[in-house]
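Put chain B on the given structure of chain A with help from the hints.
Number of protein chains: 2
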Amino acid sequence: MLPIAIDAMGGDHAPGAIVEGAQRAVADLGVPIVLVGRPDDLADLRGDLDVIPASEVIAMDADAGASVRRMKDSSLVRAAEAVRDGKASAMVSAGNTGATMASALLRMGRIRGVARPAIATPIPVPGSTPTVLLDAGANAEVQPAWLVQFAQMGAVFARERYGIATPRVGLLSIGEESSKGNDLVKETHGLLADPAALTASGATFLGNVEGRDIMTDGVDVVVADGFTGNVVLKTMEGVLRTLVRSVFEALGATAVAEPAIESLMPLYNVLDPDQTGGAMLLGVDGVCIISHGSSSATAIVSAARVAAEMVEAGLVDRLRVAVAAG
Amino acid sequence: MLPIAIDAMGGDHAPGAIVEGAQRAVADLGVPIVLVGRPDDLADLRGDLDVIPASEVIAMDADAGASVRRMKDSSLVRAAEAVRDGKASAMVSAGNTGATMASALLRMGRIRGVARPAIATPIPVPGSTPTVLLDAGANAEVQPAWLVQFAQMGAVFARERYGIATPRVGLLSIGEESSKGNDLVKETHGLLADPAALTASGATFLGNVEGRDIMTDGVDVVVADGFTGNVVLKTMEGVLRTLVRSVFEALGATAVAEPAIESLMPLYNVLDPDQTGGAMLLGVDGVCIISHGSSSATAIVSAARVAAEMVEAGLVDRLRVAVAAG
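Sequences listed follow chains A and B, in order. The numbering used here puts the first residue of the first sequence at 866, with every later residue one more than the last. The numbering used here puts the first residue of the second sequence at 866, with every later residue one more than the last.
What the hints contain is simulated information worked out from the structure, not anything from laboratory work. Backbone N, C-alpha and C fix where the C-beta goes; we use that ideal spot for every residue, glycine too. It is possible that some hints are incorrect.
What the hints assert, rightly or not - Computed cross-link-like contacts, DSS-like style, restricted to lysine-lysine with a CA-CA straight-line distance of at most 27 angstroms:
no.	chain 1	residue 1	chain 2	residue 2
1	B	LYS952	A	LYS1051
2	B	LYS1051	A	LYS1045
3	B	LYS937	A	LYS1045
4	A	LYS1051	B	LYS1045
5	B	LYS952	B	LYS937
6	B	LYS1045	A	LYS937
7	A	LYS937	A	LYS952
Said to hold, decoys possible - Pairwise CB distance ranges, derived in the manner of DEER restraints:
no.	chain 1	residue 1	chain 2	residue 2	range
8	B	ALA1010	A	ASP1182	22 to 28 angstroms
9	A	VAL1186	B	GLU1006	45 to 51 angstroms
10	B	THR1031	A	THR994	45 to 51 angstroms
11	A	LEU894	B	PHE1113	33 to 39 angstroms
One chain only, chain A, in its complex shape:
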């Protein structure tokens, strides 16, 4: 397999945690890696890893479109070019999300027939496979036909990533009846209810689902516009953060703190975003993983593992087939 190109300069803890994660992915998992970034910054960190040189770094809060257009020698743009040029099999970045999307879109291009790429984010579900939520933020304004493609791509991803033979797709709304929702959802519901819509993706359409269904084993793929999806994702992050802190504080003040907290560690690990492998940009002509800005070395190991798995599963070709048929 061609190496996974990891943007060594992107993320709150770059380059240290990123390169450490890359080293561990090679040593522990045997995943081939090439770093992308400033050779001088990486000289003392890279060890045996190859480096694709890139002189510029797109800041975490920079304007995505303008940065990608102007900073042609940035680590993000060079990582996407490495995939396009057949020097890498996938890209991973914990940097500026918008710039990661723009780099992948502009350099790799879209899969033929895809109207817009979407961000697919795995939502952990205790005791079950994660639920794939998409679009988690790539497209704040969407059209019904795009949501149908998100459903098709999300189903393919759920099957390849989690081995779900017949993914159950739900449309995020505010009531189960097809009459519930905003105009976008009502129109999309009609399109997804056509049995032909999901045939090539091997999925079934559950109809509308609600926010309370996402973190359950009742649905495998939840489709939403990128505004709603991103709000949902960050709402979940906020509730989890508040609850985890509150629970640990309450237990920490008791005489049984140690065994009580110990018993919660398996649950904590299920919910830990560092374990999910990051979000995937579906619809571009290559594997592109968008890791959280706060990614630790462990998160990068997970992302490299998932990238390698998706390359070996032929994810992009499977997405191509599902979208072409739809």
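For chain B alone, coordinates are given in the frame of chain A:
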């Protein structure tokens, strides 16, 4: 004070739990109550409580608009009429949410100048006052000017309900910068950034906030369209339900289950929706509380208490002033 009209027939546990809650509100809090419902069904339950007779019951899953138009002798319609006719000071229902809104809107009417009423739902925040989220589901499609009114009304509610002198209002979006969001949010941001918009509500505009800010003490009022707000509310419910169950299961299997779970009860009570007093329909010309369909007797006690407090605070007149000035 005129009595609070409680729809005795609405809710998953009606009429038993509803009437029990009404009895407790009278006995424990001294709140005057009148029940609304079928006299025969309430004869054995009502005790000393007066009953406004209503022969019909709108089912939990009935079409809201059609039911309210056709079932003129339903408990929901009669409860709203009691407020309109000066026989009750407020209405409370755990029944069909859409029909509760429609009854209140059609019988009480809107406050002059209000474009659309909105549902304001308190989101519990451990260690702080709740965050008021609105619109939590009344309006799936909205206009920017309506969101400005939601901000004004939500701020007045936060002050009267939680004593927050200068409520901080945030606009729910997918990034803090004013350039982030969908078209609706970007246009609304411009309107709320006008210092005059919130002057009469005594509030300050924080700018955009994200989903992760809702359950923190960083914001007092979060404004959203009713589709996004309802999705957020149900997402939070789902995450809380999954987490609470998972935590109790993990702790329950340990040798220290009893003291560990005991230490979490204060947190559990903060998050318990039965304690919040329910959601409030803001913008109709009367106090109207929409309780959760699964309301227990305790939830009805909380709702009756909040209804009485909002009547005594003159909430509707304060909303009238804030909206007229805006």
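Hints versus structure:
no., hint, in the structure
1, B:LYS952 / A:LYS1051, "41 angstroms, violated"
2, B:LYS1051 / A:LYS1045, "25 angstroms, holds"
3, B:LYS937 / A:LYS1045, "25 angstroms, holds"
4, A:LYS1051 / B:LYS1045, "25 angstroms, holds"
5, B:LYS952 / B:LYS937, "17 angstroms, holds"
6, B:LYS1045 / A:LYS937, "25 angstroms, holds"
7, A:LYS937 / A:LYS952, "17 angstroms, holds"
8, B:ALA1010 / A:ASP1182: 22 to 28 angstroms, "49 angstroms, violated"
9, A:VAL1186 / B:GLU1006: 45 to 51 angstroms, "36 angstroms, violated"
10, B:THR1031 / A:THR994: 45 to 51 angstroms, "46 angstroms, holds"
11, A:LEU894 / B:PHE1113: 33 to 39 angstroms, "35 angstroms, holds"
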